[in-house]
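Student: Work the whole structure out from these sequences, hints included.
Chains as they are written, first to last, in the numbering used here: chain A, 1 to 365; chain B, 1 to 182; chain C, 1 to 594; chain D, 1 to 299; chain E, 1 to 169.
Any given hint could turn out to be false.
Stated by the list, open to error - Cβ-Cβ distance ranges computed for the label pairs, FRET-style: (1) A:ALA294 to C:PRO311: 50 to 58 Å; (2) A:TYR206 to C:ASP12: 36 to 44 Å; (3) B:GLY36 to C:GLU154: 28 to 36 Å; (4) A:LYS228 to B:LYS22: 28 to 36 Å; (5) A:MET274 to C:PRO125: 40 to 48 Å; (6) A:TYR3 to D:TYR10: 42 to 50 Å; (7) D:SER94 to C:LEU11: 33 to 41 Å; (8) B:GLU154 to C:VAL73: 54 to 62 Å; (9) A:MET274 to C:GLY495: 35 to 43 Å; (10) B:SER91 to A:GLU317: 18 to 26 Å; (11) A:ALA294 to C:LYS329: 20 to 28 Å.
To be verified - Partner residues aside, some chain D positions facing chain C, computed with beta carbon under 7 Å: (12) ILE11; (13) ARG34; (14) ASN37; (15) ARG38; (16) MET259; (17) ILE260.
Said to hold, decoys possible - Subject to a maximum C-alpha distance of 27 Å in a straight line, what follows is the list of computed DSSO-like cross-link-like pairs (lysine-lysine): (18) C:LYS305 to C:LYS533; (19) C:LYS117 to E:LYS158; (20) B:LYS37 to B:LYS22; (21) C:LYS117 to E:LYS136; (22) E:LYS129 to D:LYS30; (23) C:LYS77 to C:LYS353; (24) D:LYS30 to C:LYS31; (25) A:LYS223 to A:LYS266; (26) E:LYS129 to E:LYS5; (27) C:LYS20 to A:LYS177; (28) C:LYS117 to E:LYS143; (29) A:LYS291 to A:LYS319; (30) C:LYS15 to A:LYS176; (31) C:LYS276 to C:LYS261; (32) B:LYS150 to A:LYS319; (33) C:LYS305 to C:LYS329; (34) B:LYS87 to B:LYS150; (35) C:LYS20 to D:LYS30; (36) A:LYS194 to C:LYS5; (37) C:LYS6 to D:LYS278; (38) C:LYS77 to C:LYS30; (39) A:LYS197 to C:LYS533; (40) C:LYS261 to A:LYS291.
Just so you know, the hints here were simulated from the structure itself, not pulled from any lab data.
For clarity, every value in this text was computed on a predicted model and none was experimentally measured.
Note that the Cβ used here is the ideal one computed from N, Cα and C, for glycine as well.
This is what each chain is made of:
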Amino acid sequence: MRYFEYFVGPQHVGVTGNMSYHLWADGDEIKKMITSVGYLHRGFEKLMEYREWVKNVPMVPRICVPEPDVNEVLYAMGVEELSGLVPSERAQYIRVLVLEMARLSAFLFYFAGAAGALGLYTIPQWTIGDRDYILDRFEELTGGRAYHIYTTPGGVRRDLPDGFKSRVQETMNYLKKRLIDYDRLMFENAIIVKRTKGIGIIEKDYAMNMGVTGPNLRASGIKADVRKDDHYLVYDKLDFDVPVVGDGDIFSRIMQRRLEFDESIKIIEQVLEMMPDGGFIEKLPNPIEWKVPAGDVYVKLESSKGEFGYYIVSNGEEKPYRIHVRGPSYTHGIQVAQEKIVGMRIADVAPFLFSLDVCPPDIER
Amino acid sequence: MSLDVEESIKQDIDLRLKDIAKCEIQRERRLKLYTGKDRVIPVLGFLKSYGFIHLAAISCVDWLDDGEFEIVYNLWSYRDKAGILVKTRISRENPEIDTAIPIYEIAETYEREIHEMFGVNFPGNPNLTSLFLEDWNGPPPMRKDFDTRKYAAEKYGMRDLTEQLKIGMDKIKGVRDGDEIL
Amino acid sequence: MGIFKKIFTPLDALKHLGQKPHTIRVPYVKKEPAKRYRGIHVNDWDKCIGCGNCARICTCQAIEMIPIDSIKVEEGKTNLRPQVDYGRCSFCGQCVDVCPTGSLKLSTEYLMTSTNKDDYIFIPPKDRDSGEGTGWESSTETSMLRFDREEMPERNPDERKLDFEPVLLGFSEQQAYLESMRCLGCGLCVDGCPTHMFIPEYIQKIRDAEYNGAVDEFFKNNPLPQICGTVCTHNCEDNCVYSRRGNPIQIRYLKGFAAEKVDNYGDVIKVDPDNKIDKKVAVIGAGPAGLTLAFYLRKYGVQVKIFESTPNAEGMMRYGIPRYRLSEKTLKKETDFILSTGAEIQYSTEIGKDIPLKNLLDEYDAVFIGVGFQQGIPMGVPGEDAIGVLQAADFLRDVAMGKKVEIGNKAIIVGGGDVAMDASRTALRLGAKSVIMYRRRWVDMPAHEEEKLEAKDEGVEIMPQTLPTEIVKDENGKVKSVKYVKTKMVDQGEGKRPKPVPIEDEIYEMECSAVIQAIGQNPDYSLFPDDIKEKLQFDKRGKRIIVDDYGETLIPGLFAGGDCVNNRGDIVGAIADARKAARGAQRGRGRASP
Amino acid sequence: MAIIIKILEYILIAFGVAILGLIYGGIGRKITARIQNRYGPPFYQNILDVLKLFGKRNEASHGVMFDLGPVIALTGILTSLMFLPLGSSTPLISFEGDIFVLFYLLVVSPLGMALGAGEGANPNATIGIARGLTMMLGYELVLFVSIIPLMIHYDTASFYKLVQMQGTFPNWNFFPFFLSAFAGLIALQGMMGLQPFDVVVAPHEIASGPMVEYSGRFLGLLQLWHAIAVIVETGIIADAFLGNGGAGWFILKTFSLFMIVIMVAAIFPRFRIGQAVKFYWKYPLIIGLLGFLVLFIWR
Amino acid sequence: MGLFKFSRSRSLWMMHFCTGCGAIEMPPTMTSRYDMERFGIIPMATPRQSDLLLVTGYLTVKTLKRVVRSYEQMAEPKYVIAFGSCTMRGGMYWDSYNTVKELDLYIPVDIYINGCMPRPEAIIDAFIKLRDMIDKGEANAWKNYRDNLDWYKQNQAKVFDINKWSAKI
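Tutor: What follows is the structure in structure tokens.
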């Protein structure tokens, strides 16, 4: 039988970025979907092969726009591991701080997207407005709002400004206060629960086999977190939980982020307290003509969307030989979404994709 | 830092895949495994049954000078908390390697990308259509012999300032009189 | 009840209806960007030296160096200024982090909207700057550049002052690597080097541990790399971009390091000693100028004969510089190599006395004079004829020749140049106490800073703003003490060096057993017969011979170089002169090619 | 002559109502903005929007029906305005049974939209129409159920009479018939197409639904339709439950109702279409039916 | 006519099309902290209803096709604001094989905003500039597109196979 064909995106409110879907529906029920990506393909992996190691530092954050710091830290970690450079303890704490702040801002974005997809337009206005306070802190620390270009191989580019810690704490207090508002309006909202419970279930085994990672995997009931399993930076010194919601539906994915939000605030507060003194950067011998010893390394970390990984190959020259970026949305943004969307209603497409937190730029690079 | 887990994984792999794969420990929680092109699927099959459930990525490295592509399967075991890179090399002339879909379903998209970006063929993958590029008429762009600067300059008319930079830098470098003048 | 509550909890949001919104009412209310914000570039044109590092680091190729005619080109400074294309710029601030001078920074301004995209290309001026501490700027700490150098290992001062073994221990390979890695390859240093060595190129080779290649680069315009690598006056380092805010790259020591790594230059530099063309050049004085000339002429097969008045080659390098700075081994290695290229040398032959200059002029196609300054200048105070009052040049020469020099237990050295430092430290090594008297301030002392510090470390007492007025003799006619006064500095107006004026009120006296005068040297032109001397042209003070661009004097075929031509008074200056002269001879000026 | 004056008066009223509706919309946007912690647009913003839309060049047309759709929608709502008593004033047309006509006419506008948008052949529009018509099944029923007790109580099917007999405060129908009024309010939410019942336009799901292909003047007509519909729809509830009164009171009442609707819209997400209709057939319908009980008890 | 112009400049509906990374600064601009609805600017879901196209950064060839098509669907008068460096001369992606470098070769641009990314303040600044331009009648890039359609089509055809493309629609 012929199905009703329906295109979503790239120019559409209901897409999680610049991507599109081709839907075949029988009445209101989706029978088939094909994800189309490539609207943001800039060929980063190719461009990075053309640039010296340090010149890639401004390049990498563009890979994942809502949470750019992940890329910077990963790239720096990979290069450091290849070259044997060890950043100072303080730099590592600052990196954790930056990563967690970025996670918070990405989660706020996520809440906005998820609520917006469900038609609750007050939440985006709030969360993105409040995210701006985190961006203010970022701007103070890194000099940039969206792209921080702050972490560089060897450490971080600048030290904390005066009084920064207390201002971060203030922001955290503010967010904690606002979380109560969010809870009441969004996470306890009966209609949200009704719309999202039991829909778009990704089963545990399926998620694991399909390479789903991060909060989506935990929402399906598997306790796996790169921060705990493959501890990098100073995460092993910090005390935090890995919440697992476990139902695998849209609601549990939203709640998963909500619970992890609390944990991130906890981590930031610990980091502020535990941050040691010391240098913030081990300078590279030469910024432009530095050569990294030959070798290859796979580094990964836990982003707000899941496992972000960099596979870096060096052949001992001034430029990387090959960098492969493993974006977390790669798996759930294409194959998982395509398969799991079958049988869903048209109205649930946007909430489902927003709940998966599909970020096209990190799929396409 | 003890490497007990890694050692035991290595032992098990060495025992089971003695003839077809070579395993080494890279560092804590990271192993590497080299195998031949024809052995990849059985090796992956064993590793998945061993606990490496998560296929994080499949990468491809173009070793132009060797005339080979290196396919790297990036696996992770949630149980052992260790990752393993499975590497194999295929010839650049006729790049072809069996698909990993029977073992890892998610490989479909990864292979699709490698097919598009490197022109590697994966017999058995039903969906090797273009992923990122549309109406692409150049060679596979991630190959080392594809020059993106030249291509961009020709297609989009954007000038490459590398030459200008060189001239500028020569200007800065000032007086040079080596003995060739003598 | 739970469901009932769930329906009504969202109503809580209505409380915001009465609250003041947190909207920033841009553009009516301005929100200041953070202090570190990365906005549009500003560039202090005066501070900027046009090194082009910003253009090289730019990952977007947004920066081009544009020559600006209104800017004067100075040594170590070009008239190029960065032009930024905001159609490319990604505001990463890496250009700021590699700016060695700190002139380039990103201001906190970011507003720029235009209908024309060509408006977005311009040369950043300074006027947009909102002041210190705002915008993205780099300090020596936050810059990507490592302004701290790798310290050259030295022997302990207490230990080294007891003997004449070399003070410097030399870089380790790791140190040399790190130090050479600092080089950005901008090449501004080349302007500072009189002989224009290929500095970025050889530093690159040193970084890659290709020492042979580095030596090859050295010999393109300097045949004495290891000597220069140890005691050069390193003007290049003054021009190094790092010197603007920190320690320059130790180009000198890197060169020395690489030269030392190659035991036999002959493996790298192929000069056939038997290749002799039908041209003969005589060289008077086997100092740096003479040796350089000999090398470059030999390279092209010209027959060279060097006439040296002392029994050893190397001239002032041997007799002016003490062995603890420049070891015998180094000297021998370099001169042996040059002599191995087929240059002949005749020791202990003084031109003017043993052989008249006229003969040489007749016999050879060209004659090169590289005699240097040998005679010390007397101070002109009463009591200078006392026993124990020495000239530093003589003193150093005698020590170098191994003669026994009696200076007693306390020597006063007068002067503040490198020679004074050498003399004081030599005196120290002979077992005496050394005191340096200098009439100007510490900062005015012409000696190199590191020399001064080394002397001080070893225990030389340095008395700036001190002027000896009289040398007191004892009954045997020997030096007993020195009477001196303190001076004060009198400003001479803008652009002029302040002048020391003695404070006559109080006269001090210091006991001593020797006085070494190191206030300058004069040339000894006794080798010129009068008729030749008349034809030559000297500078105003009558010290230096005027030569043309090819080192040739007014007499065809008579070339000169070294101290008697330039006023640098250093080795590398002599080398540069000699190369000029070699080029002159090669180009066929004078009688070398009639 | 009288009829001409009446028509002129009607045109004036229609114009005024449109302006009023636009200003309501603007204030509604401001109120929403306040809940969302921001200032929002000026209150006259919607007027500017409509003016702008009328100033645009129309690009594409997808056929006669496509162009006529907005006209039918606007005509439908303008006709229903004729039957609506604006407070205590007499509507243009009033007769026994006009409530049924009014309710019938309310359906004309969405149908006009449906006809027009259907011609646009945009899948979003098609889905939007399907949803809109389904949605109507939900709220129209509830609206009827909430009004019927009043009709029974006053024994009339004329809206004007119903309002007149109701009297002023505190004799509002709201107090005795609060269950029906509540059901009516919920129906109003759906009629206005606001959250949680904004399934018809649902930007995240189907762009903006039926309006997706409309631009320029036609979109302006639709905006006007919306503006008048705001008054008509809140007016029905205000007239039915909040007593009569002068034009000023009418404005106040409709405005208050509109504000309630807007505030509820700001704090709820949207239902899925199935859920929305199911919801209407469940809670508000039950509440509305319970309203009948009041009738019997009160009598 | 003046009233129409006035309302036109104060009621700019922008198309909700996040083409590049510049889209990341759009939500803050649209939401409570900067609230551009104050100027009557709201996102619209479809090109038919929009007046303003924001090209928020680089455009890949694949996106450019959609952008051109969306732009052509917009009712006149329509305006284009280009965000950041990438739209002017390629920005960071000046040597990428898949992004176009100079946007104004393919669609006309009214205003460029400096930055990578432009801050919300800069975006609002551009909106206000555009508003003034409309008031003065200077924002006429759309007329330019109509007048020089052939030139634009030619340039577009250089980047993608225009025949193949138009056959698809």
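Student: Hint by hint, note whether the structure agrees.
Tutor: Structure-based check of all given hints:
Distance hint check for ALA294 of chain A and PRO311 of chain C: the Cβ-Cβ separation is about 55 Å, which falls inside the suggested range of 50 to 58 Å. A hinted range of 36 to 44 Å for the beta carbons of TYR206 of chain A and ASP12 of chain C is consistent with their spacing of about 38 Å. Judged by the Cβ atoms, the range 28 to 36 Å given for GLY36 of chain B and GLU154 of chain C is violated: they are separated by roughly 58 Å. The beta-carbon spacing between LYS228 of chain A and LYS22 of chain B, approximately 31 Å, falls within the hinted interval of 28 to 36 Å.
At about 45 Å, the CB distance of MET274 of chain A to PRO125 of chain C agrees with the hint of 40 to 48 Å. One distance hint, 42 to 50 Å for the beta-carbon pair TYR3 of chain A and TYR10 of chain D, holds here, with the actual separation near 48 Å. A hinted range of 33 to 41 Å holds for the C-beta pair SER94 of chain D and LEU11 of chain C, which are about 39 Å apart. The hinted window of 54 to 62 Å between GLU154 of chain B and VAL73 of chain C is violated, with their beta carbons roughly 38 Å apart.
Checked against the given bound of 35 to 43 Å, the beta carbons of MET274 of chain A and GLY495 of chain C, roughly 57 Å apart, lie outside it. About 24 Å separates the C-beta atoms of SER91 of chain B and GLU317 of chain A, a value consistent with the hinted range of 18 to 26 Å. With their beta carbons about 38 Å apart, ALA294 of chain A and LYS329 of chain C fall outside the hinted range of 20 to 28 Å. A hinted interface residue such as ILE11 of chain D counts as satisfied when its beta carbon comes closer than 7 Å to some beta carbon of chain C; here the least separation is about 37 Å, so the hint is violated.
For ARG34 of chain D, the shortest C-beta to C-beta distance to chain C is roughly 5 Å, which falls under 7 Å, so the interface hint holds. Checking ASN37 of chain D against chain C by beta carbon gives a least distance of about 5 Å; that is within 7 Å, so the hint holds. With 7 Å as the threshold, the beta carbon of ARG38 of chain D comes within range of chain C, its nearest partner Cβ sitting at about 5 Å, so the hint holds. The interface hint given for MET259 of chain D is violated, since its Cβ lies 10 Å from the closest Cβ of chain C, which is over the 7 Å cut-off.
Taking 7 Å as the C-beta cut-off, the interface hint given for ILE260 of chain D is violated, the closest approach to chain C being about 11 Å. With a CA separation close to 23 Å, the supplied pair LYS305 of chain C and LYS533 of chain C stays within the 27 Å bound. Restraint check: the Cα-Cα separation between LYS117 of chain C and LYS158 of chain E comes to about 22 Å, which is no more than 27 Å; the hinted pair holds. With a C-alpha separation of about 13 Å, the suggested pairing of LYS37 of chain B with LYS22 of chain B holds against the 27 Å cut-off.
A threshold of 27 Å between alpha carbons decides the hint, and for LYS117 of chain C with LYS136 of chain E the separation of about 20 Å falls inside it, so the pair holds. A C-alpha spacing of about 24 Å is found between LYS129 of chain E and LYS30 of chain D, which places the hinted pair at or below 27 Å, so the restraint holds. For the hint pairing LYS77 of chain C with LYS353 of chain C, the CA-to-CA distance comes to about 48 Å; that exceeds 27 Å, so the pair is violated. The hinted pair formed by LYS30 of chain D and LYS31 of chain C meets the criterion: a straight-line CA distance of about 23 Å does not exceed 27 Å.
A hinted pair counts as satisfied when its Cα atoms are at most 27 Å apart, and LYS223 of chain A with LYS266 of chain A qualifies at roughly 19 Å. A distance of roughly 15 Å separates the Cα atoms of LYS129 of chain E and LYS5 of chain E; the hinted pair therefore holds under the 27 Å criterion. Our distance criterion of 27 Å between C-alpha atoms is met by LYS20 of chain C and LYS177 of chain A, whose separation comes to about 16 Å. For the given pair, LYS117 of chain C sits about 19 Å from LYS143 of chain E by alpha-carbon distance, which is consistent with the 27 Å threshold.
Only pairs whose Cα atoms come within 27 Å are accepted, and LYS291 of chain A paired with LYS319 of chain A is accepted, the gap being roughly 7 Å. A C-alpha spacing of about 18 Å is found between LYS15 of chain C and LYS176 of chain A, which places the hinted pair at or below 27 Å, so the restraint holds. Under the criterion of a C-alpha separation no larger than 27 Å, the hint pairing LYS276 of chain C with LYS261 of chain C is inconsistent with the structure, at around 30 Å. Proposed proximity of LYS150 of chain B and LYS319 of chain A is supported: the alpha carbons are some 18 Å apart, at most 27 Å.
For the hint pairing LYS305 of chain C with LYS329 of chain C, the CA-to-CA distance comes to about 24 Å; that is within 27 Å, so the pair holds. Between LYS87 of chain B and LYS150 of chain B the alpha-carbon distance is near 31 Å, which puts this suggested pair outside the 27 Å criterion. Taken as a hint, the LYS20 of chain C and LYS30 of chain D pair is honoured in the structure, with Cα atoms around 13 Å apart against an allowance of 27 Å. Distance check on the hinted pair: LYS194 of chain A and LYS5 of chain C sit about 15 Å apart at the alpha-carbon level, within 27 Å; holds.
The straight-line distance between the Cα atoms of LYS6 of chain C and LYS278 of chain D is roughly 19 Å, inside the 27 Å bound, and the hint therefore holds. Of the supplied pair hints, the one linking LYS77 of chain C and LYS30 of chain C is violated, its CA atoms being roughly 40 Å apart against a limit of 27 Å. The straight-line distance between the Cα atoms of LYS197 of chain A and LYS533 of chain C is roughly 108 Å, outside the 27 Å bound, and the hint therefore fails. Note on LYS261 of chain C and LYS291 of chain A: the hinted pairing holds, with a Cα-Cα distance of about 23 Å set against a maximum of 27 Å.
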